[in-house]
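J.: The lines below spell out each chain.
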Amino acid sequence: MITELGHFALILAFVVAVVQMVVPMVGAAQRWPGWMAVAEPAAMIQFILTLFSFGALMWAFVVSDFSLQLVVMNSHSLKPLIYKISGTWGNHEGSMLLWVLIVTLFGAMAAAFGGNLPPTLKARVLAVQSSIAVAFFAFILWTSNPFTRLAVPPFDGQDLNPLLQDPGLAFHPPFLYLGYVGLSMAYSFAVAALIEGRVDAAWARWVRPWTLAAWVFLTIGIALGSWWAYYELGWGGFWFWDPVENASFMPWLLAGALLHSAIVVEKREALKSWTILLAILAFGFSLIGTFIVRSGVLTSVHAFANDPERGVFILMILAFFTGGALTLYAARARLLEAKGVFGIVSRESALVVNNVLLAVSAMVVFVGTMWPLVAEMAFDRKLSVGPPFFNMAFTPFMVLLGLALPIGALLPWKRGKLGRAVHSLRFVAVLAVALGALAWAMQTGRSALGPVGLALGSWVVFGALVDLWSRTGRGETGSRIARLARLPGADWGKTVAHAGLGVTIFAVAGLTAWQQEDIRVAQVGEPFDVGGYRLTLEDVNRVQGPNYMSTMGTVRLQKAGRTLAMLNPEKRMYPVANMPTTEAAIDYRFLRDVYVVIGDPQEGGGWVMRTYIKPFVNWIWGGSLLMALGGLLSLTDRRFRVAAGARRSVNATGLPAE
Amino acid sequence: MRWLLLILALLAGPALAVQPDEVLDDPVLEDRAREISKGLRCLVCRNESIDESNASLARDLRLLVRERLVAGDSDTQVVDYVVDRYGEYVLLQPTVRGANWLLWAAGPAMLILALILAWMFLRGRDSAAGAESQGLSDEEQARLDKILKG
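Those protein sequences? They're chains A and B, same order as listed. For the first sequence, the working numbering gives the first residue as 1, with consecutive numbering after it. For the second sequence, the working numbering gives the first residue as 1001, with consecutive numbering after it.
If you're looking for bench data, these hints aren't it; they were derived computationally from the structure. Ideal placement from N, C-alpha and C gives every residue a C-beta, glycine not left out. Be aware that a few hints might be false.
[To be verified] Reference excerpt, derived from the structure (chain A facing chain B, CB under 10 Å, subset only):
#1 Ala-270
#2 Ala-359
#3 Ser-361
#4 Phe-379
#5 Gly-386
#6 Pro-388
[Claimed, not checked] Below 20 Å or equal to it, Euclidean Cα-Cα: the simulated EDC-like pairs (lysine to aspartate or glutamate) are:
#7 Lys-559/A / Asp-529/A
#8 Lys-414/A / Glu-1140/B
#9 Lys-382/A / Glu-1088/B
#10 Lys-267/A / Asp-491/A
#11 Lys-1149/B / Glu-476/A
#12 Lys-1038/B / Asp-518/A
#13 Lys-339/A / Asp-1126/B
#14 Lys-414/A / Asp-1126/B
#15 Lys-267/A / Asp-200/A
#16 Lys-417/A / Glu-1139/B
#17 Lys-339/A / Glu-196/A
#18 Lys-1038/B / Glu-517/A
#19 Lys-559/A / Asp-518/A
#20 Lys-417/A / Glu-1140/B
#21 Lys-414/A / Asp-1138/B
#22 Lys-414/A / Asp-200/A
#23 Lys-1146/B / Glu-476/A
#24 Lys-382/A / Asp-1084/B
#25 Lys-267/A / Asp-1126/B
#26 Lys-1038/B / Asp-1060/B
#27 Lys-417/A / Asp-1145/B
#28 Lys-559/A / Glu-517/A
#29 Lys-414/A / Asp-1145/B
#30 Lys-1038/B / Glu-1067/B
#31 Lys-414/A / Glu-337/A
#32 Lys-1038/B / Asp-1026/B
[Said to hold, decoys possible] Ranges between beta-carbon positions, derived for each pair:
#33 Ile-1116/B / Met-44/A: 42 to 52 Å
#34 Asp-1073/B / Asn-145/A: 48 to 58 Å
#35 Leu-418/A / Asp-1073/B: 44 to 54 Å
#36 Asp-1073/B / Lys-417/A: 55 to 65 Å
#37 Leu-1064/B / Val-576/A: 31 to 41 Å
With the rest of the complex left out, here is chain A (with noise of 0.2 Å):
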């Protein structure tokens, strides 16, 4: 009864999505306030509908309705109730209605917080929003309905992959898709501006926030994944190139490029027609990333759609609404005048620099992603590209970054001088070789990339640092100390994102440079030792779990004679899945990792062990946090509550922070 409730929903929100789309849409152009009034509870009817077919189906999945087909294919009655839940959305119908669902939510939340957006700008981005619904809703009825039912209901389902059985990623996509179809809120307001034919500094700083909030779920969606990754798939790699971390990453970069972008249409109303591109294709590389996933064309990990109908319905959507809105942008872009002047040094032309950067850095992760599939069609080759290519393709574009990021960070608005910039940064720039030196004398080997590394992290974040200091102005450090706590919420979340951002980069160096691998048969009771440290295996035991069977190893991790922890590698295997997985056992720390995994046992005796020392591995995650920390604090900053010529607060803190 429920599941036909939920899926009756379904179909209504998908009318009421048909009606917002058309209605408001008209009323804007013929200046109906009755017409342009429908979007706002219509929004609100949309999202209630569809959280509530959401909440049908995730029911079933916690109750194992096994009449449902989904729930059979994707769950079993022994799964932990954790699992059942996120077995929600671990499966492409789920998914899909977890993404229409969060489109929904935005839409709604735009209705809410909008009060003070002038009625046709309101109404068209309700409305354009709605359309993006509509498409989906569309795409979830005809072509992957998660509401099926079984004429015949089996005892038992087949249960969720068991990689995907995990607290990490059972997060993850939520995560990710907040960050993705939060895109669908900039783009929404870029079409509708389109339209009006206006941008101005208030449409910027509405647009900001949603940009703001979008960017930071994705980073600590594509940070969730990352850390999954590391300690699932048993060998400790964070980051593999694969076409479907890539369809995230894309998303990611040109959010970021965006956010910076629309700062200078706030702040200096230039940039304007290029930022409503951005705008566009940053929502368009979420719409790739989807189709990417969904159909299946790039083999990956993560396809688990392999079906061509839904491949080419996703893409008709994507054709639809980027081509729709590229037409649109090259047909109204003219009517942008930018306003604001500057010179060359300028922190206008910074941001232009950081975004020439980050846009060029996802084209060459989509030419990368992409190439596989152009060299088999147009000259029949078929090759990989893999992750040689995109480190050697995609590093320069991140050094170069790091390098011009504590320098344009520094430069005042309209006209600079690049010396007073540099001269700040004097200190910075002779501490960062120091600590690249220091780095290079203490390694054993002749890699320069940690000491690299290190001195390019540490030059963004003290750069950073002297960024934060010099927002409080001159005078006596004591009086400059009491400012600090008093800057607005944006000058301490561009340090905290900017400092994060150089914690990443040398975290990934030191790891990349640094990692210590130990590969052996280890005989249980026979010590060994990698890299300071003193391993044990001390016992092998077979363990039943809720719906795995397990081989635990039990190893003591020791350094100069003192035990730090006792480590249990797992070998699990799932019989319903038939999928066996390994479950590294990690001793973590602030500065290192020890990550252990167990494999076969030997005929001789022993077992296969092995032991990775990662150094500063929890900082590639921890810099990812930072990141997203920063954008939290920028959008806490009351200049995006008190919009231009408002009557009350846009409440861009309205967004919700889980």
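Given the structure of chain A, go ahead and fit chain B onto it with the hints provided.
T.: Below, chain B without anything else, positioned relative to chain A:
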């Protein structure tokens, strides 16, 4: 408990990536083998190198690489040997041959193009700025400095 062991034996999962019995005695040679393995794709896997993969085909390839190295091949000879047998699909780093130069040139070309466009745009803004105001004169600057210091 016996049935459990039996099932475990029957279902025994694939082996982990590089196995201890594959590792060469000569550490220099082994390092070279690892480096080469990282650049070769496991053909039956999804986007994994043979160095990371658990598949038995990847193990065969790893052993092959090591065999060639022990036989005295150079790194490029080993890679060519594998490519001859499995095609260029096996290479994770695409070659620069044929149309692939487009792929390799795309990044630098787009960067240069973007920088030229950005420069033209910035020049336009700058000359517009020049027409509007010339900034502070030396005299004004001196006065400003005095005020700020005082």
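J.: For the pair we were handed, Lys-1149/B and Glu-476/A, check the Cα-Cα distance against 20 Å.
T.: holds, 12 Å
J.: Verify the interface restraint on Ala-359/A: the C-beta must sit less than 10 Å from at least one C-beta of chain B.
T.: Constraint on Ala-359/A satisfied, holds at 7 Å.
J.: May I ask you to test the interface hint for Ala-270/A with respect to chain B, counting a Cβ-Cβ separation under 10 Å as satisfied?
T.: At about 7 Å, which falls below the 10 Å cut-off, the nearest Cβ of chain B leaves the hint on Ala-270/A intact, so it holds.
J.: Is the distance from the Cβ of Ile-1116/B to the Cβ of Met-44/A consistent with 42 to 52 Å?
T.: Given about 48 Å between the Cβ atoms, the range holds.
J.: Are Lys-414/A and Asp-1126/B close enough, with their CA atoms no more than 20 Å apart?
T.: Answer holds: Lys-414/A to Asp-1126/B is near 9 Å, not above 20 Å.
J.: For a C-alpha distance cap of 20 Å, please report whether Lys-559/A and Asp-529/A respect it.
T.: holds, 10 Å
J.: Going straight from one Cα to the other, do Lys-1038/B and Asp-518/A come out at no more than 20 Å?
T.: holds, 16 Å
J.: Starting from Lys-339/A, check that the Cα of Glu-196/A is at most 20 Å away, please.
T.: holds, 18 Å
J.: Would you mind confirming whether the straight-line C-alpha gap from Lys-559/A to Asp-518/A stays at or under 20 Å?
T.: Given that 20 Å is the threshold and the Cα spacing comes to 16 Å, the pair holds.
J.: In this structure, is the beta-carbon distance linking Leu-418/A and Asp-1073/B contained in 44 to 54 Å?
T.: holds, 52 Å
J.: Any CB of chain B closer than 10 Å to the CB of Gly-386/A?
T.: holds, 3 Å
J.: Is the hinted pair Lys-1038/B and Asp-1026/B satisfied, with a Cα-Cα distance of at most 20 Å?
T.: holds, 18 Å
Violated hints are absent here; each numbered hint is respected by the structure.
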